[in-house]
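Protein chains: 2
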Amino acid sequence: MPTPYTELSQRLADLTALEEVVGILSWDQEIVMPSGAAEARGRQLATVQVIAHERLTHPRLAALLDGLQHDAALDATQAANVREAQRDVRKATRVPSALVRAQGETAVRGHEVWVGARKNKNFQEFAPVLGELVELAKQRAAAIAPDMPAYDVLLDDYEPGMTMARLDPVFARLKEVLLPLIAQVRAAQNVPDMAWLGQHASAETQRQVGENIVRAMGYDFTRGRLDTAVHPFCGGAGPTDVRITTRYNEHAFLGSLTGMIHETGHALYEQGRDLVLADQPVSRPRSMGIHESQSLLWEKQVGQGAAFWQAHYPKLQQAYSFLREKPLGEFLFGVNYVNPRNFIRVSADELTYPLHVILRYEIERELFSGRLAVHDLPAAWNERMQGYLGITPPDDAVGVLQDVHWSGGAFGYFPCYTLGALYAAQFYQAAVAQHPEIPANLAHGAVEPLLGWLRRNIHQVGSRLETDALVTAATGRTLDPEAFLRYVTAKYTALYQL
Amino acid sequence: MPTPYTELSQRLADLTALEEVVGILSWDQEIVMPSGAAEARGRQLATVQVIAHERLTHPRLAALLDGLQHDAALDATQAANVREAQRDVRKATRVPSALVRAQGETAVRGHEVWVGARKNKNFQEFAPVLGELVELAKQRAAAIAPDMPAYDVLLDDYEPGMTMARLDPVFARLKEVLLPLIAQVRAAQNVPDMAWLGQHASAETQRQVGENIVRAMGYDFTRGRLDTAVHPFCGGAGPTDVRITTRYNEHAFLGSLTGMIHETGHALYEQGRDLVLADQPVSRPRSMGIHESQSLLWEKQVGQGAAFWQAHYPKLQQAYSFLREKPLGEFLFGVNYVNPRNFIRVSADELTYPLHVILRYEIERELFSGRLAVHDLPAAWNERMQGYLGITPPDDAVGVLQDVHWSGGAFGYFPCYTLGALYAAQFYQAAVAQHPEIPANLAHGAVEPLLGWLRRNIHQVGSRLETDALVTAATGRTLDPEAFLRYVTAKYTALYQL
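Order-wise, the sequence lines are chains E and B.
Using my numbering, read the first sequence as starting at 1 and increasing by one per residue.
Using my numbering, read the second sequence as starting at 1001 and increasing by one per residue.
Some hints could be false.
Quick list of simulated restraints, FRET-style, between CB atoms [what the hints assert, rightly or not]:
#1 E:Glu250 <-> B:Ala1013: 40 to 48 Å
#2 E:Pro96 <-> B:Ser1202: 54 to 62 Å
#3 B:Glu1466 <-> E:Gln402: 52 to 60 Å
#4 B:Ala1013 <-> E:Asp220: 38 to 46 Å
I should point out that these hints are in silico values taken from the structure, not numbers from a laboratory.
Ideal placement from N, C-alpha and C gives every residue a C-beta, glycine not left out.
Isolated chain E, as found in the complex (with noise of 0.2 Å):
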C-alpha cells in the first residue's frame, strides 16, 4: 500500500503528464501542424482536457488533499506541494462543468467575432459576446469565492493573492511617476535619426545572431528549440522540454532579438526548474506576474542595458554592415526609445508599457463592478488613452478590440506584466545588491552570478513558497514599485538629458 502523499504524488505526475501533452500537442499546433488538422486537434485536446479536468475532480483526489492539508509529519516541500494542489483541485471543483463548457464555447464564438469585428474596426460588433463573457466570468467568480470581489477572484487566477486594495496604490505610484516624466520625455528635442532601425536583415542573419546570444544567456538547447512562430511565446512540457519561438521582419532586425530575450528569459526560468520535483505542482512557476519578472528582466534590466551590449554589440556590428560604424551609445538610444504617440500595447516601451495595463486595469475594474457598461467601452477607453498618453485611437481596430484576451474570455490578465516589470527590477537589483559585480560580468559576456541568483531565488523555488514569501526572501521586501521607479527614472533621465 502505498502512503496518501505517494499516491497523492503519482495522482499529480499523471496530471502533470497530461498537462504537458497539451503544451505540446499545442506547440505543434502553432508551429508544424498541417492546416487541414485543425478540427481533429481540437478534439484531441478537447479530450486530453476533459481527462485531466476528470482527474482534477476526483473524489479520491480531493480526500488525499483533504487528509494531508494538516499533516504535520509532512515537510516544507510536501505540505507546499499539497498547498498547490489543494488550489487547483477547489477551483475545478467549485466550477460546474456547464459554466466550464459554456466559456469554452462562448470564447471560441468571441475570437470569431473579435477577429472580424476588429477587421471592421466596429466595436459594437464584439459588444454582445463580450458581455456574455464578463458575465460567464463573474458566474465563474461567484462559484468559486462568492463573498469576494468577482474580480479579486479572477486576478487570483493569474497572480494568487492578489486583489484591487493592494494594486490600486501601486498603481496609483506608478501613475504619479511616470506621467510626468514620460511628459519630460514627450518634450525632448534631441531624438536623433532612427532610420537605421529600418534597414534590411534577413531573417537568416537575424536567427543566428539571436541563437548565439540566447545560447550566451544560458539557455540549453539539449532542453529545448527554437523555431519561427507567427504570435512567438515560450512553450513545451515541462524543464526538459522548453521551445522557444519568434518572428522575422527583415525591416526590423530588433524585434526578433528583443523577443528572443525576452522568451529565453521565460525559458531559463523553466529550464531552472527543480528536475526532481517537475511532475508535482511545487516546482511550478510561481505566479503569470513572477514568470513575466524573469522574461522582463532579461528583456529591459539586462537586455537594454549598456553592459549587456558591451558583450554582444560587436556580434551585431559584425553581422549588420549598417551598424558598423554606429557608436554603442547610439544603439543604446535606439534599444530604450520612448514613443509615448504609441497605441498598441505590445510594441509599447518600457516606460508607456505600465500605462497601457493600468488602463485596462482600470477598465476591467468598472466592468466587474458594474460601474460601466460594455457598450460604454470604447468611449472609456478612448478617454483614458487621452488622459495618459495624450493619444487618441482612431479607430477600435487599434484601441479597445487591440488585444486578444478579452475575447477568450481572459479577464484580469493585464496587471502580470506590470507585475512582472515590477519584480524584475526588485530582482535585478537585489542581486546585484548582493553581487555588484553582475554588470561588469555581463560586460564580458558572463551571466553569472546573475544567473545563478535567479536560479537559487526564483527558479528553484518554484511555488515552495507564495508570492510573497518569494518576494521576501529574494529581494528582502513584498512587492514594492519604487526600484521599478527609481530605474526609469535613471535611465530615461540620462538618456534623453531631462
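Please arrange chain B on chain E, whose structure you already have, making use of the hints.
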C-alpha cells in the same frame, strides 16, 4: 439518453483521439524533440497509453459491445465497427496488465542490449533477453487464444486472419519461382556501369525533386508535411494530419526518392480514409499487409515502372546534370537493379526481398514451435541465407542482428512486408484490368484513374470488410502470389534479357 450505439461511438472516438495524441507525441519525439526531453516523453506517452488501456478495458465498453454484436438493427458499417472494436477490446482485456508491463520493460531493455550486441557483432549478448521476449510473447499468445498455435496469434496481431497454414504454401510457391529466377539474374553478364547512382546530389535538391513528385502523386500538403528522419516513417494523427519523412544521402540520390514515394503510398492510404468516420475503428486501414501494399504499389508497381518515369524522369534530368545524357532505359535499369549478394533486408531489391522475409518467417516459426533454440539462431540464419541467396554474412551485425523488430518483442511482423508486395501486384493488375488507360495516364503524369480506384477499393473501405473480403471485392480473388510472380518474371526477364 444516447442509444447504445451512440454511446459506443463516443467512447471509440475518445480512444481514437488518444491514439492520435500518441501519434503526435511519437512524431515529435522522432523529428523535433530536444534530446534532453526523452525521459519526460516516456512518462507522457506512458500516461496516455495507460489511460487509453483503462478505457479500452472498461467494463462499460465491453458491455456495450456485447449488447450490440448481434444487433440486427445495425447497418453493415456499424456492424463492422462493432466487430473491429470487439477485436481490440478482447485482446486488451485478455492480456493481464502485469504481462503488458513486463513486455514493455523487457522491450526497452531488449532494445538497449540489441544496440550494444549489434555494435559488438555478437549475437550471444542479445540471446538471453531475446529468450525472455520470446517467452513473454508466448505468454501473451496463450492469454489471447490458448487453443491456437502461439505464432498464429502473433501473426494475427498485424494481419488479422493470417495463419501459418495459409502462409506456408504461398511462401513455398514464391521460393519455387524466385530461387531459379534469382540464379538466372546472378548469372547475367550484361550489367552496365552504375557509378552514376553515387553521384553527388545536394539534400536540398533531393527535397525539391521529391516534394514535386510526392505532390504529383496526389499527396495533400494541407493535411500533411514532409520532414527529415533518421528512420523514415509515415506518422501523424488521423486522415487530416498525415506526415511523411525521408532521409538524404548526398551520394545516393535515389534512396530519398524511392523512400518518399514509399511513404507517400502509406500516406495516400491514410489521407484517403473515410473522413466522416475518421474517429471510428471501421475507418482504419485494414492491416499492416494492406498498408504495405499501398506503399509498395507506388514504390514498385508504379515507381519502378517505365510509365511513371516517362512523366517524371525529365524533372530529374533537369535537377541532376549527371543524368542529362543518360537514356531513360539506363536509368530504369538502375532503379530496378537486383543485387543478390546483399545481406541487408531494408536495402534489398524486390526480387530478393521476399527471401529475406521467408528466412525470418521460417526462423520465427521454429522459435515459437520450440524446434529452434535462441542460441542456435545465428547458425540457422546463416544456413538459410546461404541456401536462398548463396551468401553467408561475415558477422552477426549484418546477419541475425540486423533488424530492430525482435529487440522490441515484435514477432510475426515480417510476413506483412511480403504480403504487401503480393497484394500490391494483385491490386495494380486488377486496377489496370479495369482501367487499361492507367499506364498511359501515368506516362503523362496523371495518377487517375489509378488513385480513384485505390480510393474506392482500399482507402475508403478501411476496415468495413475483413481482409479476404476486401481483396476479393477489389481483385476477384483472395491472396494469390501469381500476380506478383507474373510481374517479376516478366519484368526481370526483360531487364536482364534472360
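Problem set entry | In rising order, the numbers of the hints this structure does not comply with | none
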